[in-house]
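Protein chains: 2
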Amino acid sequence: MAYELHYWPGIQGRGEFVRLALEEAGADYVDVARVPASEGGGERALLQKLRALAPPPFAPPVLVAGEFVLAQTANILLFLGARHGLAPTDEAGRLWVNQLQLTFTDLVKEAHDIHHPISGSLYYEDQKDAAKANAVAFRRERLPKYLGYFERILESAGPWLAGEAVSYADLSLFQAVRGLQYALPQAMAALAPRIGRALALADRIEARPKIARYLASPRRIAFNEAGIFRHYPELDGA
Amino acid sequence: MAYELHYWPGIQGRGEFVRLALEEAGADYVDVARVPASEGGGERALLQKLRALAPPPFAPPVLVAGEFVLAQTANILLFLGARHGLAPTDEAGRLWVNQLQLTFTDLVKEAHDIHHPISGSLYYEDQKDAAKANAVAFRRERLPKYLGYFERILESAGPWLAGEAVSYADLSLFQAVRGLQYALPQAMAALAPRIGRALALADRIEARPKIARYLASPRRIAFNEAGIFRHYPELDGA
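Chains A and B, in that order, are what the protein sequence lines are. According to numbering that gives the first Met the number 0, the first sequence is numbered sequentially starting from 0. According to numbering that gives the first Met the number 0, the second sequence is numbered sequentially starting from 0.
Bear in mind the hints are in silico, worked out from the structure with no lab data behind them. Incorrect hints may have been included.
Remember, identical chains collapse to one label, so a pair may be satisfied in a single copy or spanning two.
What the hints assert, rightly or not - Cross-link-like lysine-lysine pairs, in silico, DSSO-like; alpha carbons within 27 angstroms at most:
| id | residue 1 | residue 2 |
| --- | --- | --- |
| 1 | Lys127 | Lys48 |
| 2 | Lys127 | Lys209 |
| 3 | Lys209 | Lys144 |
| 4 | Lys48 | Lys209 |
| 5 | Lys108 | Lys144 |
| 6 | Lys209 | Lys131 |
| 7 | Lys108 | Lys127 |
| 8 | Lys131 | Lys108 |
| 9 | Lys144 | Lys48 |
| 10 | Lys131 | Lys48 |
| 11 | Lys144 | Lys127 |
The following block holds chain A by itself, in its conformation from the complex (with noise of 0.2 angstroms):
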């Protein structure tokens, strides 16, 4: 049985932290947003089956797994987590390995709201002003408190941050490290003495074989000024 992953088809977005969790795995899933308009994918068919799911989600992405239909990516990923391996099996680092993502949850609204401070529904345009002053306060304040506090974890314990064995919150890392390099390349080169376990962790997760594999294959979307993590210059500074 296929896993089904329900989520924007043009945006890395939070669905990306599920599809790395999935590629890693060397899950069997169709990203069904993605396959061609005629055989069911598109936008408008992904809002129509959205709205047929039960129990319903709020906001994808969803993941159909047999009779499961989750959301949430925090949650999604709890269940990958279990399922194949990515995350301890005591009940202590299974908490631990979810309170981690939870940290990324917030971390990628944050990121997110940098270009969208006032509303996600109005455009970039139309809340530069508000972004500039929310990208200055993040750059300055957030952007250091949370990649320091993954360096920190890393330098007490690791190699990664559930210890011995990877986890999806590594996967997690990865992929927020990079989306904010991305965004913000002035800033992450300026803080990059200060979070050096962090970076080196990101590069192990890109080199590992299905996570390389993936990241070179056409599934990767690239980053893009629709998702989370979005280059406006101006929003960057070192």
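Assemble chain B onto chain A, guided by the hints.
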């Protein structure tokens, strides 16, 4: 063994979702930062204690439960829900309640950001124009979308969000409804005819004996303008 809850002593905040679960469970717990400073309470002691915990939390609330040191509200509730019968015991039910709680996480962040859209470390007065614009979008689109979503779930199943038995997601819906009614009374009054089931659920939670006792006790901090749900009349509107 009493649980230790570590959270800001002067606000309901995200900690309140944990407090409600502990109270409904009848659990023995100490709200550490709220004991007198002479006995180790207060904000400064809280910050010192958080720095000493392992694994390190990114931010409060933190629950210490014997050897477990848990952060992230939804993660703490996942743990307490299983321990105290506040979530279904089957995997699908447990994940569904977690999924709902993560939707409350999103709602709470957006409800906070209507008064702090630029940065949590700037004063409200210094981001008031952006706050007004954010609040308009929140009231018009996000508030009806979130509460309409929970209403739809209750319409198709109920009487509780996970069906026949109360769960921590119901406690969270109560808290979100009361917080939004405090912050945005006009907007919530205008929405009331369309969310009758959600409002009735909040009333039923409020009338549960342990919750009613808690709400009448000095342990319940009043809503105030240092918390997530703040009543700034200029942000409200029908």
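*Go through the numbered hints given earlier and state which of them the structure violates, listing their numbers in rising order.*
Those not satisfied are hints 1, 2, 3, 4, 6, 10.
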